[in-house]
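J.: First residue of the sequence shown? That's 4 in this note's numbering, and the numbers climb one at a time after it.
Derived by calculation from the structure, the hints in this document are not laboratory data.
Be aware that one or more of the hints could be misleading.
Claimed, not checked - Taking lysine to any residue pairs in the SDA-like style, the calculated list, with each CA pair at most 25 Å apart, reads:
#1 LYS332 <-> ASP352
#2 LYS145 <-> VAL246
#3 LYS236 <-> GLU195
#4 LYS216 <-> GLN322
#5 LYS236 <-> THR257
#6 LYS160 <-> ARG106
#7 LYS73 <-> ASP49
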Amino acid sequence: MDQPVELSSNACRRALFTPELLDLIFTYLDRTTNVTNACVCKQWSDIALDHVWRNVDDLLQLFRILKSIKLSSIEERYEFTSTPGPDDWLRFEKYARRVRSLRFNSDEYEHLGDVLDGVARTRTSFDILPYMHTLEWITTEKLYLERCAMFLHSRLKHLVVSTHPAACRSTLFKDISARVPSIHSLKLDTPEYDASLEADIRTLLQNLPELRKFSLPEFYLTLPIFEELSRMKNISVIEFEHVLQFENTIPDATSFNPILAENAFPALWDLALTARIDHVGAFLRSPFAPINITSFYINSYDLHMPSEMHAFLLTLSQQCQLLSQLYVKLLHKETHMTTFVPEHQLSYDTIGPVLSFPNLTTFELIHKYPLKITLDEVDDLARRWPSLESLMLNAEPLFLDPDLCMLDLRALLPFARHCPNLRRLGLYVNATEAKMHASLSFDIRPFTALQDLSVGTSLAEDQHAVAGFLSMLVPPNCKLEVGITWINYGTDTFRTLDLVLDSVLSERGQAWLAISQLLPVLIEFRREDVEKSRGLHKEVEDLRMRNRQLMAKINDVRSNTSCVVA
Numbered sequence: 004m005d006q007p008v009e010l011s012s013n014a015c016r017r018a019l020f021t022p023e024l025l026d027l028i029f030t031y032l033d034r035t036t037n038v039t040n041a042c043v044c045k046q047w048s049d050i051a052l053d054h055v056w057r058n059v060d061d062l063l064q065l066f067r068i069l070k071s072i073k074l075s076s077i078e079e080r081y082e083f084t085s086t087p088g089p090d091d092w093l094r095f096e097k098y099a100r101r102v103r104s105l106r107f108n109s110d111e112y113e114h115l116g117d118v119l120d121g122v123a124r125t126r127t128s129f130d131i132l133p134y135m136h137t138l139e140w141i142t143t144e145k146l147y148l149e150r151c152a153m154f155l156h157s158r159l160k161h162l163v164v165s166t167h168p169a170a171c172r173s174t175l176f177k178d179i180s181a182r183v184p185s186i187h188s189l190k191l192d193t194p195e196y197d198a199s200l201e202a203d204i205r206t207l208l209q210n211l212p213e214l215r216k217f218s219l220p221e222f223y224l225t226l227p228i229f230e231e232l233s234r235m236k237n238i239s240v241i242e243f244e245h246v247l248q249f250e251n252t253i254p255d256a257t258s259f260n261p262i263l264a265e266n267a268f269p270a271l272w273d274l275a276l277t278a279r280i281d282h283v284g285a286f287l288r289s290p291f292a293p294i295n296i297t298s299f300y301i302n303s304y305d306l307h308m309p310s311e312m313h314a315f316l317l318t319l320s321q322q323c324q325l326l327s328q329l330y331v332k333l334l335h336k337e338t339h340m341t342t343f344v345p346e347h348q349l350s351y352d353t354i355g356p357v358l359s360f361p362n363l364t365t366f367e368l369i370h371k372y373p374l375k376i377t378l379d380e381v382d383d384l385a386r387r388w389p390s391l392e393s394l395m396l397n398a399e400p401l402f403l404d405p406d407l408c409m410l411d412l413r414a415l416l417p418f419a420r421h422c423p424n425l426r427r428l429g430l431y432v433n434a435t436e437a438k439m440h441a442s443l444s445f446d447i448r449p450f451t452a453l454q455d456l457s458v459g460t461s462l463a464e465d466q467h468a469v470a471g472f473l474s475m476l477v478p479p480n481c482k483l484e485v486g487i488t489w490i491n492y493g494t495d496t497f498r499t500l501d502l503v504l505d506s507v508l509s510e511r512g513q514a515w516l517a518i519s520q521l522l523p524v525l526i527e528f529r530r531e532d533v534e535k536s537r538g539l540h541k542e543v544e545d546l547r548m549r550n551r552q553l554m555a556k557i558n559d560v561r562s563n564t565s566c567v568v569a
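Start from the sequences, fold in the hints, and give me the full structure.
T.: Right, here's the structure in full:
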């Protein structure tokens with residue numbers, strides 16, 4: 004038996020006072036623990052304080068270091084107990100230089116204006132937090148939006164900021180252009196659209212030559228803004244946020260046909276759009292289109308025929324050879340999902356062009372109808388796509404007729420067998436006990452890398468049987484995802500579900516929730532059973548080896564024994 008290694012007191016001391024090691028340890032500790040660590044000694048204090056103040060999400064807590072803050076009992080407003088002086092700011096600098104990110108949301112505060120005004124009046128330097136690289140400033144109040152400017156400085160690289168109220172937006176955008184022209188990423192929090200927003204954004208973009216990443220709420224990436232972005236030599240990521248919008252607050256965009264100049268989007272690799280897929284397909288065939296993108300995310304709320312989807316994927320496979328990630332979300336739906344139109348259902352042939360991409364490792368698809376695909380076609384897909392890392396194959400359709408679901412849990416087996424790098428998988432299946440028993444005749448090979456298994460709106464009839472089958476396939480750390488993401492997309496109208504559909508989804512979700520609770524127990528049981536089997540197998544092999552050795556000795560004795568008869 005190995006003896007425990009005993010460390011000398013000097014070795015322990017060196018370990019506990021190695022800055023790199025302390026920094027790594029403190030990374031995994033919460034704020035309260037690191038506050039305690041800061042009181043141990045000077046060396047620990049510097050490292051612990053870096054962690055305590057690196058990410059600030061409480062302005063009151065930060066500025067209480069500068070001067071005590073009280074809540075006025077008369078007006079219920081926060082204010083300094085006395086005016087901060089030069090000595091207060093000198094002490095504050097010790098902590099201010101440690102801040103790397105600041106998050107502010109006015110919904111979490113009330114009546115903080117006097118404190119911010121006191122900071123602005125008494126500060127001894129324009130750079131209040133000189134080494135901060137990330138600022139998030141969310142508000143819909145003019146009072147707070149105007150005060151965002153005092154935290155802007157030349158070292159800032161990442162900015163998330165509100166654009167309303169519109170009355171002070173132009174001034175804020177001018178401050179951003181003047182104070183942080185070398186910013187790398189910009190996300191605009193825009194609760195509603197107004198007539199001047201587009202022009203203000205275009206002017207802002209023209210003054211940010213180093214911008215690499217730009218984000219807007221969905222629907223606000225209009226053609227003029229898109230064309231402005233195309234002229235920016237460093238822009239590499241264009242994305243949008245699925246913020247809840249109302250029908251009357253979004254710009255009217257019926258077509259997507261931007262006009263690009265030569266050398267458009269020289270650095271773009273990640274693009275997200277909301278548009279008709281046939282319009283986007285035509286755009287990608289046009290001159291100067293950004294065909295070197297490696298990640299593409301597209302939403303469409305219009306009705307598309309399978310032929311349009313096939314043509315779109317074919318165009319992508321021909322034009323965008325570098326594409327490694329593709330997300331296609333066809334989000335058209337009816338309020339009451341009661342009528343099935345066979346001509347609108349996508350099939351395996353429809354998505355066939357995805358197999359023509361030379362570098363594609365991630366593919367996600369959403370459509371209101373279940374994908375028409377057989378077990379044999381699933382096997383063909385997995386065999387021809389061994390490099391697959393993430394596949395969400397329409398796991399959450401909204402039309403839930405069981406007769407349209409052609410797959411069961413056996414559809415998981417080809418991916419486990421042929422896709423060793425698969426980390427995320429989503430399928431729509433009808434998990435029935437009879438078909439699971441039939442699958443036991445297959446050579447079941449478990450997933451080796453799977454981290455997330457999404458069953459979306461799938462049906463599960465026997466919870467114990469389903470959990471038992473999955474326990475043979477998924478790793479112990481695999482997460483079972485259930486439910487839909489439809490309610491996160493589009494305007495308020497698109498996010499509304501029929502009450503009957505919502506009830507069915509809730510019932511199915513409860514069944515899968517029970518399965519997710521059973522699964523870890525069964526996985527652990529199978530692991531212990533496998534270990535016991537290995538132990539027994541090892542004992543049997545040990546006995547066989549001893550038996551062979553014993554028989555060899557017996558045979559050796561017999562061969563050396565002779566009888567001489569005179």
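J.: Determine for every hint whether it applies to the structure shown.
T.: Here's how the hints hold up against the structure:
1. LYS332 <-> ASP352: 18 Å, holds
2. LYS145 <-> VAL246: Roughly 21 Å between the alpha carbons, so the hint for LYS145 and VAL246 holds.
3. LYS236 <-> GLU195: 29 Å, violated
4. LYS216 <-> GLN322: Since the Cα atoms of LYS216 and GLN322 sit roughly 23 Å apart, the hinted pair holds (cutoff 25 Å).
5. LYS236 <-> THR257: 28 Å, violated
6. LYS160 <-> ARG106: 14 Å, holds
7. LYS73 <-> ASP49: Roughly 29 Å separates the two Cα atoms, so the pair is violated.
Figure legend: structure checked against the earlier numbered hints; hints not met, in rising order: 3, 5 and 7.
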